[in-house]
Amino acid sequence: MKGHQASKAIGKTIKYLFLSLYLIIVIFPFLWMLLTSLKSSQGEIYAFPVRYLPQAPSFVNYSSMLWKGNFSRYMLNSFIVSGIAGVGSVFIGILAAYVISRYRFKGQGAILFFFLFTQMIPMFIMLAPLYQMLSKMNMLNNIWTLALLYVNMMIPFSVVTLRGFFSGVSSTIEEAAQIDGCGRLRALFNVIVPIMLPGIAATFIFAFINSWNELFMAIMFIDVDQFKTIPVGLNALILKYDIKWGEMSAGAIMALVPTIILFSFAQKYMVEGLSAGAVKG
Amino acid sequence: MAFQSYNLVNINNIKWIGFDNFTNLFSGSEQDDFKLALWNTVKWVFISLAFQFLIGFALALLLKKKFHGSAVYQGLIFFPWAVSGFLIGIMWRWMFNGTSGVINDILIRMGILDQPFGFLANTSTSLASVIVANIWYGIPFFTIMITAALRGVAPELYEAADVDGANVFIKFFKITVPSIKSVLMLTVLLRVIWIFNFPDLIYSMTNGGPGGSSNIITSLMMQKVQSLDYGAASAIGLLCILFLSVYTIIYLLFTKFTDSEE
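Here the protein sequences come in this chain order: Z and R. The first sequence runs 3 to 283 under the working numbering. The second sequence runs 688 to 949 under the working numbering.
It should be emphasised that the hints constitute simulated quantities derived from the structure, not laboratory data. It is possible that part of the hints are untrue.
[Unchecked claim] The list that follows gives simulated cross-link-like pairs (lysine to aspartate or glutamate, EDC-like), each with its CA atoms no further than 20 Å apart:
#, chain 1, residue 1, chain 2, residue 2
1, Z, 242, Z, 227
2, R, 751, R, 846
3, R, 752, R, 849
4, R, 751, R, 843
5, Z, 10, R, 801
6, Z, 10, R, 849
[Said to hold, decoys possible] Not close to chain R: a few residues of chain Z, all C-beta gaps over 12 Å, as computed:
#, residue
7, 121
8, 128
9, 226
Quick caveat: nothing in here was measured; it's all calculated off a predicted structure. Backbone N, C-alpha and C define an ideal beta-carbon position, used for all residues, glycine too.
Chain Z extracted, bound-state conformation (with noise of 0.2 Å):
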């Protein structure tokens, strides 16, 4: 019985030691890029053999993205394009995923099977069509231009996410809003939509995030300086013969702040509705 013990406790400390490690993989990149824009010399940051510490962290690539470059300018684009993709497709989402929950019409499972098959094809692969489109109706170089596709772009996951939601909510509590002399809208937003806040919060913030992550549609849409995005300020910076790792590594940590904040709220329902997801099957 003493040996089993012993080789249980062997097991256990090398499944920590694998979860550490594996820990370790995880945040080593994010650490690296860290310690990277917190280096000030050039000779510090190309050094090699590699110093891992910076000799005097400082903040002067943060600053001169910010204030040299134009980076306060694309964090305050990125967060009304986001705002906008999250606020409007979730709006949107909630109405079309009520009348999918709620009402059976003909057409329904044509419907819900379309915005599934949306999800799959990315809008990056229609780019050259959508220039077109765009430079026709006279809508490059435009911020609202960029919002409105993002919106367009969350639809369908804000919708297949909130009908999830819906159907968790039990349609009684709804007629009983209705015997009350509730009209149909009311009682959505009044009764379903506070019961359904921490889902709508959820769908909300990752609409938010991909909106901000999205680079593609960015870039090809608009090269005034004025309008870009995060993701377009650094393509700018990666496209370069010599990039300066010290400021592109400053410019991806302010990129990555606000999503990681975010994350961290709608993280529980993000994992138990994937994973919610993966035992319905």
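Since chain Z is already given, all that's left is putting chain R on it; use the hints.
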């Protein structure tokens, strides 16, 4: 547009050219690039998928039994998911840097390399490097999904097996795998499409280079878009849509099929 000569560099010469954009890809001037990208796509999808799945599964087995802090752990390893492929590519590009990259440094300190090696600048290692980054990015997804599925398996099944004196391997193959088979299938099928649609990482790490050695179909398309050859880009795009459509329909039919089975 896929059937037009539509190049913004040659803007006075936009005209219908029938299937020329497609024949160029399969047998004409573009065939070498295109075939290389096709073959790379296959490697990109299957090698990434295999490692993501195996490592993700292994981690899920370790995480199955909840321990103190396991929720926090799961949260931490899930973080890369919030970050765009573009940024991940930038991070790995810096780590793989050929003169002062940290990966070179670690390999030299471990005695595996003698001198720094330009992983992204060599045609023989560029694809492997982007695949490594992609594997890193995709593992957490599998881990989370499979952990959830594992925790859903009824414990009575294992108790019964213990009574019957089954060993670890029998339990694994006779209980664990069959119980979560449908989740495994669905995750894998879904991931194929996501990895296929994921040129972001390649774009910021190598932009398909050097010499197209790390191009996949979707990143090749992005290059055509960037060089303003919209005719060729649309032709490749149309082929992607065709492939994705067929695949998605199969996937959705399969999902329905397993649903009705339960």
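Right, here's what the structure says about each hint:
1. Annotation: proposed proximity of residue 242 of chain Z to residue 227 of chain Z holds, straight-line Cα distance about 16 Å (limit 20 Å).
2. Proposed proximity of residue 751 of chain R and residue 846 of chain R is supported: the alpha carbons are some 16 Å apart, at most 20 Å.
3. Between residue 752 of chain R and residue 849 of chain R the CA atoms are separated by roughly 17 Å; this keeps the pair inside 20 Å, and the hint holds.
4. Our distance criterion of 20 Å between C-alpha atoms is met by residue 751 of chain R and residue 843 of chain R, whose separation comes to about 15 Å.
5. The straight-line distance between the Cα atoms of residue 10 of chain Z and residue 801 of chain R is roughly 40 Å, outside the 20 Å bound, and the hint therefore fails.
6. This hinted pair checks out: residue 10 of chain Z and residue 849 of chain R have alpha carbons roughly 17 Å apart, not beyond 20 Å.
7. With a minimum CB-CB distance of about 9 Å to chain R, residue 121 of chain Z fails to clear the 12 Å threshold, and the non-interface call is violated.
8. Not every C-beta of chain R lies more than 12 Å from that of residue 128 of chain Z, the closest at about 6 Å, which undercuts listing it as non-interface.
9. Even its closest Cβ contact with chain R, about 18 Å, leaves residue 226 of chain Z beyond 12 Å, as expected for a residue assigned away from the interface.
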